[in-house]
Amino acid sequence: MTDLTKLKIAEARDLMKKGDLSSRELTEAHIAAVDASDQLNAYIVKTPEIALANAEAADKKIKAGEQKGMTGIPVGIKDLFSTKGVHTQACSHILDGFKPEYESTVTSNLWDDGAVMLGKLNMDEFAMGSSNETSYYGPVKNPWRAEGSNNDFVPGGSSGGSVASVAGYAAMGATASDTGGSIRQPASFTGTFGMKPTYGRCSRYGMVAFASSLDQAGTITRDVRDGAIMLECMAGFDPKDSTSVDMSVPNFEAALTGDIRGMKIGIPKEYYLDGMPADIEALWHKGIEWMKSAGAEIVDISLPHTKYALPTYYIVAPAEASSNLARYDGVKYGLRDVPNGGNLDDMYYATRAAGFGDEVKRRIMIGTYVLSAGYYDAYYLKAQKVRQLIADDFRQAFKQVDAILTPTAPSAAFAFGEKSDDPLAMYLNDVFTVPASLAGLPGSSVPAGLSSEGLPLGLQVLANAWEEETVLKVSGVIEQAAAFGAAPSEWWR
Amino acid sequence: MSNIDQATVAKIARLARIKIEDDKLEPLAGELNNIIGWVEQLAEVNTDNIEPMASVVSAKLRWRDDKVTDGDKAESVLKNAPNAEYGFFAVPKVIE
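As they're listed, the protein sequences go chains A and B. Just so it is clear: in the first sequence, position 207 is 212 by our numbering, and no numbers are missing. Just so it is clear: in the second sequence, position 27 is 41 by our numbering, and no numbers are missing.
Treat each hint with caution, since some may be false.
[Said to hold, decoys possible] Footprint (simulated), chain A over chain B, 3 or more residues, beta carbon under 8 Å: (1) 28-42; (2) 56-62; (3) 81-94; (4) 97-109.
[Said to hold, decoys possible] Each pair of labels, with its calculated beta carbon distance range: (5) B:Lys81 <-> A:Gly90: 26 to 32 Å; (6) B:Asn60 <-> A:Trp496: 37 to 43 Å; (7) B:Val91 <-> A:Asp101: 16 to 22 Å.
Calculated directly from the structure, the hints in this document are not laboratory data. Remember, predicted model here, so these are calculated numbers, not experimental data. Heads up, the beta-carbon is just placed ideally off N, CA and C, and yes, glycines get one too.
The task is simple: from the sequences and hints, build the whole structure.
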């Protein structure tokens, strides 16, 4: 019997269509795989009963000839997405015990098509982090280890549970979210395909808000085709989100033609960083060669405000976070901490002190500071203007090119504790992903090679707004050329 | 350059309604200074006549008919409340 957890979404879909596989078999194999993945700490809540009920419904749908792309496919859900009656805390203590009375639109879309929920996935608290070390539920371990080593590495973040579950064969796909790189950077660290669509493509309704002008849902899968299938199911206009854009969702899988002849691929000179590891620069050059061999034209471009993207992000995102997270006050849901004899104000102070972790507090404080009287213009308004310039860099670039190719992250996965004491060092992880997030553009990370230590590295593909098909098409060509056959050793099973 | 001292940290903490112990004020001041000092490099960018960008999608919000489309679910709203009484959120006494 083949290991059903190694199947791709497209393969399982086709087998189920032919009647050679049932969702129940597939789901049972994955429930066992979830239990076997405890060492990774990817799942913080398992929902096997829901999974089996979903599978039964999916098998009926398939029998009735109503199969869609995600019907019967077992997936994990990042703890950021509201799931009715099921633990939803964005991995924060302050949402202690919260079980939403409603379902996020993205997960509703998955369940409507018959997808199967395996459980809720670990993440950095409120998606604030790049290593999954800020989760209230403890860090996630990267399924990958360096060659000849038993040391553990971070999975990246904030979607650490999403990538670990997919790389660790404990989900066929996972929902994820990107505010500054939380889909692409962890995908790069774990040899998975991460896809962040254009801002407005997926509804934010029912997603726990971090920075509302940046937050966007996306996918983690084991290959590009699976990402296309899953995103198509999740995406779509939703009147319940005022920033959801009313556009029809294309058939993303059909974009994977493998034909990029004549396409213009931009290489931004500002992404050559001083001190960039040699293996990452070499991989980027390889990517450029793959593009040329496939018949694309390489165009050197400039995105002059790139170096200002991170500082801009670290004003805009904390500012929005400080406002969004004001709702956690011990009144409406989650944790409440009232000191003996304390009044309402004492309750606010104590609840927020006990409920938020250090990184979340730090960002709320930064956000509060840059929005406070006397500093608003100097910091927040200034950052909004620089954000315009960064977006304009991309607008200019996409007059010349169809897509942009860069490394996803400036390093491979790193060790626990290596950067957690130095917020700025941690923030620099997102140097290549943040600019496109600020501009709201679609982007992916495609597994493309291994570091000198034997850890996965990804290449990032960016395209203009609403050009997800271009991102997917180029990603598919990289995937094929890279022939990334490497896999983790499954030490956790 | 930014100069966030302990008094400023205490003020921000009060605005943010987060209790910070006195012995944490100084280390936090150091961390915030580091971060704010780093973001201040934006000052060197010329942003004259640049429109601030608040959203990447069109700023014009959709209109809809002024009709009730949701609501009448007090029980649901209160379901996750740490304390609810008589159909309201209950909190510690505010007025003596």
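Of the hints given before, which are not true for this structure?
-> 6
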